[in-house]
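Visitor: Each chain, letter by letter, is given below.
There are 4 protein chains.
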Amino acid sequence: MEKNVFWDSIDYIQLKTKEILSKVSDKDIEKVKKLFFESNRIFLYGAGRSGLVAKAFAIRLVHLGYQTFVIGETITAPVQKGDLVIIVSGSGETIPAVMTAEIARNLDANVVSITGKRNSDIAKFADITVYIKAGCNEKERKKYAPLGTLFEASVWVLLDGIIADLLDSKKETEEAMRSRHATLEQ
Amino acid sequence: MEKNVFWDSIDYIQLKTKEILSKVSDKDIEKVKKLFFESNRIFLYGAGRSGLVAKAFAIRLVHLGYQTFVIGETITAPVQKGDLVIIVSGSGETIPAVMTAEIARNLDANVVSITGKRNSDIAKFADITVYIKAGCNEKERKKYAPLGTLFEASVWVLLDGIIADLLDSKKETEEAMRSRHATLEQ
Amino acid sequence: MEKNVFWDSIDYIQLKTKEILSKVSDKDIEKVKKLFFESNRIFLYGAGRSGLVAKAFAIRLVHLGYQTFVIGETITAPVQKGDLVIIVSGSGETIPAVMTAEIARNLDANVVSITGKRNSDIAKFADITVYIKAGCNEKERKKYAPLGTLFEASVWVLLDGIIADLLDSKKETEEAMRSRHATLEQ
Amino acid sequence: MEKNVFWDSIDYIQLKTKEILSKVSDKDIEKVKKLFFESNRIFLYGAGRSGLVAKAFAIRLVHLGYQTFVIGETITAPVQKGDLVIIVSGSGETIPAVMTAEIARNLDANVVSITGKRNSDIAKFADITVYIKAGCNEKERKKYAPLGTLFEASVWVLLDGIIADLLDSKKETEEAMRSRHATLEQ
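Chains as they are written, first to last, in the numbering used here: chain A, 21 to 206; chain B, 21 to 206; chain C, 21 to 206; chain D, 21 to 206.
So here's chain A without its partners, still in its complex pose:
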């Protein structure tokens, strides 16, 4: 029955995302949060769907008042010492992602990688690697959550959790966030 694939997939993605997020290292999250208070500007990088997840995070950081840039967009800035560069990459091994981490490291920026592969190339250049244990060999995975679906859904929620935490730490409010929302969004 066609109908069931939709609902089964919805359930499967949510169940696995919950499982994956429960395994994220609390210590790593603490370290990432600390970097937000020690860094100047925030730069996000990601390709494909991981890039969209990174951009969604960037939008909320702007709402929280952080000076934020998305690497590859029209308006960006040179990364400098003391900036925070966050790279989202499922494999942790695509050349542009690894190169971005390496260059950022050489510029003395703080580098965080969020990746689905432990000991990936990108980890070598990152101060902190948040490891998302999204790999999964179950047969259902291919059917209900093809390609990077579990990684991306997990990181989407994880980053919104960081937003809620920063919102609290900075004693900001939803209203203040709304006031920083784009008025001329197309």
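Just so you know, these hints were derived from the structure itself, not from any lab.
One copy or two, either will do: identical chains are not told apart, so a pair holds if it fits within one copy or between any two.
Think about it this way: if two alpha-carbon atoms lie no more than 20 Å apart in a straight line, the pair counts; the simulated EDC-like pairs of lysine to aspartate or glutamate are:
1) K153 x D31
2) K163 x E194
3) K47 x D28
4) K38 x D28
5) K43 x D31
6) K144 x D48
7) K47 x D31
8) K162 x E194
9) K54 x E192
10) K153 x E113
11) K163 x E50
12) K163 x E39
13) K144 x D128
14) K137 x E113
Place chains B, C and D on chain A using the hints.
Guide: Below, chains B, C and D alone, put in the same frame as chain A:
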């Protein structure tokens, strides 16, 4: 304790997303799926974070072999009779979203709106409106899931469920999807 | 001979661009330049190829040290009183362009429109309209410079002229501009 | 006088662009045009302002009926044997541009590089390199056309010349181009 806000938010977003998705109309999902088999090309529109959710869906549709365009990107095409235009808009009332729906309707395209507000302006021009009941007046919502967070997380998963369903209906495989994946992603 | 169309087109575009630029009002350019010194942040808007011309200008403004945003990109900000909103629109009548001008005006921003049609809708909401006399009924135009080609090429050069002027007025140097160039451009 | 810098810059950019374009190899342009008739799909790549020039070309190729993709945008496709990959890069040496050329070459695509540096790294992987002699040590250059301004303005016009030529060769018309223009451009 700062720590708890992160984990509480993660839990809250997942709990509410589950609740919200369980209320989506099965009949509407069936109608949307049917349109995928009756339409020619697929066009996606959304602004801000809703736009990112729409783009993530577009990427997977390309992997499934659909000719897909994102309205507002460099490469797009004129919408024509028989095309499917899907608009993601939390409020269902921002002018560009409503205008996109109206123009698409006038061009005899099939129009689907995915929105968090029942009876919104956009619904007038849509053949099908998938209503996402993400509104929520709980105090915790502002703290753990500010602004459109619940709407966006819910639609992200919902659209991945549609992907799984189309994958099954079209008898496609994850491997075939991977072969349509961009090789030169930056 | 195929060959000649390429070279004839190159010549034609340059000849016409020169003619078009020579008719731009010096007084209007002076007024636009003045606004750069009286405004806070700069916002650019344009669709299609006009949007690309606007973005090219935005990149250089960043190099000159202006806080600049491109409306519609991931990272943007709410337009406020005292900001400068510049809209590039060949027809001056597309709904999103006119709407952007109207909203910006209502927010008490300074609004500049650069358009190919005198007395277009957008002019009603603009403090200054830089009129680019790119309309041309010559037969060769359709062959050598189809659609908005002359408007876009003219505005590209015009905006680079404004950059040179601001570079001089602000006593900036090419070296300082280079230091603000993105280091992690993808 | 401030005023003069604007007009002097406009004149300077146009004068130099004319000079630069007159030195482009006619033989190389012929070879590029030939590739348009021998290739399947067209892929464009460029970063920063060069990327905007590449995108402007991509939009017109769509108007001419070519299946065109911009590398790095949401909707793209895997490059395959027989596709044409065109890379615009002033220096011809930025890592992502060179890497794009190398990967495209390894995939048996036809590779064209448009660059301001003869014998650049990118040329090693390109079937054809269109060399734009935009380098210029004149003092005025820094003042009137900082950074890559001359390269970008020259390539903008050059690519519009190729469009006019393809328009003629394919016996297309401006009207047909307009009919392929996006109707829902934001």
